[in-house]
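J.: Chain Y is already provided as a structure; the job is to place chain X on it using the hints.
These are the residues of each chain, in order.
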Amino acid sequence: MAKRVGMEVGIAAAEAVGLCNIDVAAVYPITPQSHIAEHLSNIVADGRINAEFITVESEHSSISSLCGASATGARTYTATSSQGLMFMHELLPIVSAMRLPIVMGIANRAVSGPLSIWNDHSDIMPQRDSGWITMFAENGQEVVDMTIQSFKIAEHKDVMLPASVNIDGFQLTHMVEPIEFPTQKEVNKFLPDRKPFATLHPDKPITMGAFAMPDRFAEVMKAKDVAIVNSKKIILEVWKEWEKQFGRSYNPVETYKAKDADVLLVTMGSMGETAEIAIDELQKKGVSVGLVKIRLWRPFPTEELKAAVKGAKVLAVTDRAVSFGGVSGPVGMEVKSLFYHEKDRPLITNYIMGLGGRDVTVEDFIKMAEKAVEAEKKGITEEYEFYGVRG
Amino acid sequence: MIEIRWHGRGGQGAVTSIEMLALAAIQEGKFAQGFPSFGPERRGAPVAAFNRVDDKQIKIRSGIYKPDVVVVLDPGLIGLVNVTEGLKPDGILLVNTTKTAKELREQLGFQGKIATVDAKKIAWEELGVPITNTTMLGALLKVAPTVKMNSLKAPLEDRFGKIAKKNINALKRAYSEVKISKS
Chain Y
1 MAKRVGMEVG
11 IAAAEAVGLC
21 NIDVAAVYPI
31 TPQSHIAEHL
41 SNIVADGRIN
51 AEFITVESEH
61 SSISSLCGAS
71 ATGARTYTAT
81 SSQGLMFMHE
91 LLPIVSAMRL
101 PIVMGIANRA
111 VSGPLSIWND
121 HSDIMPQRDS
131 GWITMFAENG
141 QEVVDMTIQS
151 FKIAEHKDVM
161 LPASVNIDGF
171 QLTHMVEPIE
181 FPTQKEVNKF
191 LPDRKPFATL
201 HPDKPITMGA
211 FAMPDRFAEV
221 MKAKDVAIVN
231 SKKIILEVWK
241 EWEKQFGRSY
251 NPVETYKAKD
261 ADVLLVTMGS
271 MGETAEIAID
281 ELQKKGVSVG
291 LVKIRLWRPF
301 PTEELKAAVK
311 GAKVLAVTDR
321 AVSFGGVSGP
331 VGMEVKSLFY
341 HEKDRPLITN
351 YIMGLGGRDV
361 TVEDFIKMAE
371 KAVEAEKKGI
381 TEEYEFYGVR
391 G
Chain X
1001 MIEIRWHGRG
1011 GQGAVTSIEM
1021 LALAAIQEGK
1031 FAQGFPSFGP
1041 ERRGAPVAAF
1051 NRVDDKQIKI
1061 RSGIYKPDVV
1071 VVLDPGLIGL
1081 VNVTEGLKPD
1091 GILLVNTTKT
1101 AKELREQLGF
1111 QGKIATVDAK
1121 KIAWEELGVP
1131 ITNTTMLGAL
1141 LKVAPTVKMN
1151 SLKAPLEDRF
1161 GKIAKKNINA
1171 LKRAYSEVKI
1181 SKS
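For the protein sequence lines, the chains are Y and X, in the order given.
The first sequence: position 30 = 30 (our numbering), numbered continuously.
The second sequence: position 141 = 1141 (our numbering), numbered continuously.
Looking at chain Y on its own, in the form it has when it is part of the complex (with noise of 0.2 Å):
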């Protein structure tokens, strides 16, 4: 085993980043990101690896930037945050239609207005739809296994499609804490080059991005569609040859003392260590309770989501972001459609918490699962909640 070394995970998502063989970076730095476009723009600076550091003027030149570098063949990574990727949006269903399989690491932060630079989800959420697989790390051992991962998964010649991998910002980005690192030679081992389907090169011209008629666009549409649904396996096959290389499993969802719990939390990033804590205290006070952590966003993943909470009374899902008018946050949504055509289907509840950095505690998560527990006594009164949330 590795020995652990103590890095603020920011840097330990550059230096993670260094060990993959990029031939590009586009980065255009905005908090809580900053750091890793800073300690990336050092690495390649200081002739540790041989890639090219664009410096961009904003996120989407950043995004532009690799989507022409990726057509090339060349691996290419960038990372942004909040507004940055608001900027980069409309770039993104671009980037998969084209099947550029982009890394990108978001540091998470709300949404403006009002301007707060603070973690929540509201900047990954809107890019839900853009046919971007969509990954959330717990800590920064995660961090730094899935930034690797990523370009596997996103280059795997069944996949061809970009991934992102979310970093609550602050929470994560600004934490120094233990870390184990691969070596290079290891990282080499579970790394291949990239062979690109197609690349661009005046040599041997061709034509990508173009534009569809009606009578191919749906198709478009459906095939990108059909990747990221298939992509799973990938992922499922890639994350199982990380964990006989290195000794750490990763899954779609993961669980915590979850088995046979009338109630079961579910969150997404960083929170779900904090929400062990509570499920930790409320089992030894005799309350049925336990926690389903969802890793993977996009693709949904239906079947582990389903498994995972079989037998369970009452559901208390977590939402870091809002809907406005919606019937519930993104993740409430998605969970109750999910269960929808299922006989013996859970309660559902949703608390929208954590928005614009408001730090949600054990004591937090204690009374959310109390309020399920609630729930289950007496139905359904509400589709969501916003948790601790003043007027």
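Honestly, the hints are just simulated from the structure, not real lab data.
Check each hint, because a few of them may be wrong.
Said to hold, decoys possible - Pulled a few chain X residues facing chain Y out of the computed Cβ check, cut under 7 Å:
id: 1; residue: Glu1019
id: 2; residue: Ile1026
id: 3; residue: Phe1035
id: 4; residue: Ser1037
id: 5; residue: Lys1059
id: 6; residue: Val1129
To be verified - From chain Y, some residues computed to sit far from chain X (all C-beta separations above 12 Å):
id: 7; residue: Gly269
id: 8; residue: Lys310
id: 9; residue: Glu382
All C-beta atoms in this analysis are idealised placements derived from N, C-alpha and C, irrespective of residue type, glycine included.
T.: Relative to the frame of chain Y, chain X by itself:
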């Protein structure tokens, strides 16, 4: 698990302190977190930074509200910031000050352990600047032995290069000069 809150002003190096302490603990094979109070920090404005150190994996990622130890880098913050907020009654308050523990106890009404050290004087004499973050790390090791002094050497050398030795001298002096008052 021990939880520590550092109070300083932007530019006084509280974030460096939490990083050095976390790196030293992790190097010893322990588990540790070091994190700033998240937000846009301005030079001179009151800031806080945090450490958790434990022998087992640390899962909690919410803020620290009931610290075991509070370290005050800048005595001017007392009265401006409630430095004993949430500090456990049996916790430790460590202050860079020329005041006595008795004077601080009267001012703050804190009944637990109070440790004092004139870190500004030490920093002036050893470093030539009134930046007390590394000096206060030395005092912290005495009042709350979270890591071995030797474990701080590598992180400090890595961060400070040529001036690491001066910082280590300041740290050692604070370790021996800090005064602890039980109640």
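J.: Does the interface hint hold: is X:Ser1037 within less than 7 Å of chain Y, judged Cβ to Cβ?
T.: 9 Å, violated
J.: Have a go at the X:Val1129 hint: is there a Cβ in chain Y nearer than 7 Å to its own Cβ?
T.: This hint is violated: X:Val1129 lies away from chain Y, its Cβ roughly 24 Å from the closest one there, beyond 7 Å.
J.: Answer holds if the nearest beta-carbon of chain Y is closer than 7 Å to that of X:Phe1035; otherwise answer violated.
T.: 5 Å, holds
J.: So, as I understand it, the hint says X:Lys1059 touches chain Y; can you test that by seeing if any CB pair is closer than 7 Å?
T.: 4 Å, holds
J.: May I ask you to check that Y:Glu382 keeps its beta-carbon over 12 Å from the closest beta-carbon of chain X?
T.: The assertion about Y:Glu382 holds, with a minimum of 26 Å to chain X.
J.: Classify the hint on X:Glu1019 as holds or violated, based on whether any CB of chain Y lies nearer than 7 Å to its CB.
T.: At about 5 Å, which falls below the 7 Å cut-off, the nearest Cβ of chain Y leaves the hint on X:Glu1019 intact, so it holds.
J.: So Y:Lys310 supposedly isn't at the interface. Is its beta-carbon more than 12 Å from every beta-carbon in chain X?
T.: The claim holds: Y:Lys310 sits with its nearest Cβ about 25 Å from chain X, beyond 12 Å.
J.: Beyond 12 Å from chain X, beta-carbon-wise, is Y:Gly269?
T.: 10 Å, violated
J.: For the hint on X:Ile1026, just tell me whether its beta-carbon gets within less than 7 Å of chain Y.
T.: 4 Å, holds
Violated hints, in rising order: 4, 6 and 7; the structure is consistent with all others.
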